[in-house]
Amino acid sequence: MTEPRRHFVAILRDLHVGVGLLFLFAPLPILVAAARGRSFDPTDLTGPGSIVRNIAALFADTALMHGLGLSLLVGLAVTAVTVPLGLAGALALDRLSPRAAAVLFAAMVAPLLVPGLVVGLATSIVWRGLGIESGAVLAILAQSGRIAACTAVLFLMRLESLDRTLERAAVDLGAPPTLVLRHIFAPHLAPMVPIAAILAFVLSFGDHDATIAAVGTDRTFVTELSTRIVAGPSPAIDAAGLVGAVPVIVALLVVVVRARTTRHRG
Amino acid sequence: MAEVFRTFGLRLGALIWLLVGVWVIGLVVAPFAGLVARSLVTIETRPVEAGLELRHIADDLASARRDWERATDPERRAELDRRIRLLTDRERWTMRQTSEPSAEPNLANYADPAGVRSRALLTTLGLSLLITAVALVACWPLAWAAALASRRARVPLLLVALVLPYGLLEPLRLHAWDLVLSPTGPDGLGSAWSMLPAMIHSGAIFMILPIFAALVRFDRRLIDTARDLGASHSRIHARIVLPQAAPGLAVGAAATFLFSFGSLAVPWIMTHDRGSDDFALLLWQRVATTADEGIAAAYAVSATAASLFAAVLLFRLFGLRLCDVTPWRCRP
Chain A
1 MTEPRRHFVA ILRDLHVGVG LLFLFAPLPI LVAAARGRSF DPTDLTGPGS
51 IVRNIAALFA DTALMHGLGL SLLVGLAVTA VTVPLGLAGA LALDRLSPRA
101 AAVLFAAMVA PLLVPGLVVG LATSIVWRGL GIESGAVLAI LAQSGRIAAC
151 TAVLFLMRLE SLDRTLERAA VDLGAPPTLV LRHIFAPHLA PMVPIAAILA
201 FVLSFGDHDA TIAAVGTDRT FVTELSTRIV AGPSPAIDAA GLVGAVPVIV
251 ALLVVVVRAR TTRHRG
Chain B
1 MAEVFRTFGL RLGALIWLLV GVWVIGLVVA PFAGLVARSL VTIETRPVEA
51 GLELRHIADD LASARRDWER ATDPERRAEL DRRIRLLTDR ERWTMRQTSE
101 PSAEPNLANY ADPAGVRSRA LLTTLGLSLL ITAVALVACW PLAWAAALAS
151 RRARVPLLLV ALVLPYGLLE PLRLHAWDLV LSPTGPDGLG SAWSMLPAMI
201 HSGAIFMILP IFAALVRFDR RLIDTARDLG ASHSRIHARI VLPQAAPGLA
251 VGAAATFLFS FGSLAVPWIM THDRGSDDFA LLLWQRVATT ADEGIAAAYA
301 VSATAASLFA AVLLFRLFGL RLCDVTPWRC RP
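Taken in sequence, the protein lines are chains A and B.
Just so you know, we're using the working numbering here: the first sequence kicks off at 1 and counts up by one.
Just so you know, we're using the working numbering here: the second sequence kicks off at 1 and counts up by one.
One or more hints might be untrue.
Which stretches of chain A does chain B cover? Using the computed rule of at least three CB atoms under 8 Å from a CB of chain B, they are [what the hints assert, rightly or not]:
1. 79-90
2. 169-180
3. 207-219
4. 235-241
5. 247-255
With the Cβ distance kept under 10 Å, some of the chain A side facing chain B (calculated, not the full set) [stated by the list, open to error]:
6. T62
7. G69
8. D94
9. L96
10. P187
Computed spacing ranges between beta-carbons, pair by pair [unchecked claim]:
11. G26/B to H66/A: 23 to 29 Å
12. H66/A to D60/B: 21 to 27 Å
13. F59/A to L52/B: 43 to 49 Å
14. V246/A to V180/B: 18 to 24 Å
15. E104/B to P187/A: 45 to 51 Å
16. P98/A to R239/B: 27 to 33 Å
17. G69/A to R239/B: 53 to 59 Å
18. F59/A to A149/B: 38 to 44 Å
19. I198/A to A246/B: 45 to 51 Å
The set of hints was computed from the structure by calculation and includes no laboratory data.
From a predicted model like this one, the values you see are computed outputs, not experimental measurements.
Every residue gets a Cβ at the ideal spot worked out from N, C-alpha and C, and that includes glycine.
Please take these sequences and the hints and turn them into a complete structure.
Here it is, written out as structure tokens:
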């Protein structure tokens with residue numbers, strides 16, 4: 001009796017997954033279709049433009065290009081700040097009593113539980129009050145608290161799989177702290193450093209809410225994009241949609257093709 | 001505290017505590033303490049002329065912003081940007097010269113005589129709960145299927161497929177939804193309802209990943225055993241799978257709720273800054289249109305309190321405490 005029913009449930013689930021994936025990937029074809037511009041706007045009489053023209057407009061757009069440079073700068077700075085912070089935070093948490101660790105952990109993840117806009121505003125109010133007016137510096141400060149919490153969680157997860165008997169054995173055999181760190185903690189945590197760095201950069205580059213409240217008029221790429229989208233359609237935005245969508249489409253194709261080849265082999 | 005020094009030595013221990021101190025004090029405690037303090041200070045403008053001057057600047061700023069919205073030429077925009085920055089600086093300078101903060105901390109910034117704030121707060125809370133419920137139902141099968149598939153495949157293809165759409169920058173994702181959902185195209189008014197699909201799309205990842213993480217180590221043999229013993233599909237789900245997934249569901253629900261409650265990008269882009277019922281958007285409009293940060297700070301403090309309170313309630317709903325999902329489990 002249970003066999004056909006289970007089958008039915010499995011089909012239903014696969015259908016749900018299919019529809020879910022279609023929904024999640026829907027923005028990609030929309031952006032590609034809109035790359036020539038204005039085709040979704042019935043009041044526009046100029047008709048769709050050309051993709052080449054739009055892409056030229058994107059690269060000629062000084063505000064967006066300035067934002068791109070600023071985003072890369074902020075992203076690198078945030079990476080350089082949050083990887084050491086996350087590492088230090090994870091190591092400190094690892095050594096504290098559970099009660100003290102819970103308090104410190106709560107303080108560290110607090111910025112993640114608060115709306116990004118609030119973090120950005122709080123950062124901007126406090127540091128502008130202390131005389132820091134630079135949008136880039138304020139963006140770095142606003143993003144770092146949230147992103148350091150993410151890198152710290154990555155390092156904490158990695159520390160969970162550390163074999164504690166190794167450390168105890170080393171200490172029992174008289175190894176000084178530097179040796180324990182160099183030979184036991186460092187090799188175990190090292191593979192996580194590039195992953196944390198990539199995560200930090202990606203989160204920084206894509207951050208919108210915290211950044212926009214902190215940067216003022218000196219906007220990063222993402223905040224300049226959103227400001228322009230709010231203001232209305234333009235060729236540069238149509239091209240940006242295409243330029244943003246193509247790498248994701250390529251990545252999707254690569255993943256699907258690789259999965260198929262491994263399945264054939266296996 | 002001493003344990004850190006014992007394990008890592010004096011110099012490295014000191015470095016670790018220095019970094020942690022800079023982080024917690026500089027990036028967490030100071031900004032939030034400053035925010036609360038600022039929300040309790042009102043600005044009083046002394047001479048009448050200063051009030052007029054500020055009014056003129058505000059008018060100029062508003063018209064510059066309108067021009068900026070209409071301008072399409074990047075150079076004209078850059079020029080207007082410079083003008084806006086100059087006017088903002090002048091506004092701030094005039095404020096500093098002619099007005100002084102209230103001597104006593106007070107709650108005037110929290111006053112809400114027209115009920116605008118409380119209405120937006122309630123609307124946003126309700127909408128966020130609705131979005132969380134829809135996302136919970138919609139994402140559960142996806143996360144469950146991804147967790148099952150990840151046990152079989154070396155490359156968790158389905159998980160990659162679920163995360164990949166977020167490789168697109170958030171404003172562009174929202175722009176795509178805006179193109180198809182806004183009733184009169186991107187030039188027209190975005191409707192508040194067009195926010196729903198966009199919010200669920202952006203928030204789904206916050207639901208999928210925690211549920212996936214809770215289920216990925218799930219022992220499938222439990223299901224096989226239960227089935228062999230004659231349990232029905234729904235019974236297996238209710239008695240074995242759901243309890244296992246509960247922490248993931250609670251974290252996912254809280255994260256999705258916090259995202260949709262606090263997100264500025266979604267209501268801002270989907271309504272083209274014309275919405276007035278979303279709390280984050282209302283806060284942003286405050287920040288963007290006045291140099292007096294006191295009211296904006298008060299908005300921010302209420303938003304923080306409301307979202308944290310609701311997140312704790314959500315956890316209670318799942319029968320969990322916050323410590324259940326930290327690396328240190330609650331004491332029995």
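Structure-based check of each hint:
1. 79-90: holds (count 4)
2. 169-180: holds (count 4)
3. 207-219: Our answer is that it holds, as 6 residues pass the Cβ test (under 8 Å) against chain B, meeting three.
4. 235-241: Our answer is that it holds, as 4 residues pass the Cβ test (under 8 Å) against chain B, meeting three.
5. 247-255: With 5 residues in contact (Cβ-Cβ under 8 Å with chain B), the coverage given for the region 247-255 of chain A holds.
6. T62: holds, 5 Å
7. G69: violated, 14 Å
8. D94: holds, 9 Å
9. L96: holds, 7 Å
10. P187: violated, 15 Å
11. G26/B to H66/A: 23 to 29 Å: Holds - the Cβ-Cβ distance for G26/B and H66/A, about 28 Å, lies within 23 to 29 Å.
12. H66/A to D60/B: 21 to 27 Å: Because 24 Å falls inside the window, the suggested range holds.
13. F59/A to L52/B: 43 to 49 Å: holds, 45 Å
14. V246/A to V180/B: 18 to 24 Å: holds, 19 Å
15. E104/B to P187/A: 45 to 51 Å: violated, 58 Å
16. P98/A to R239/B: 27 to 33 Å: Once the Cβ atoms are compared, 31 Å apart, the range 27 to 33 Å for R239/B and P98/A holds.
17. G69/A to R239/B: 53 to 59 Å: 56 Å Cβ-Cβ, so the 53 to 59 Å window holds.
18. F59/A to A149/B: 38 to 44 Å: Distance hint for F59/A, A149/B holds at roughly 41 Å.
19. I198/A to A246/B: 45 to 51 Å: Violated, at about 31 Å.
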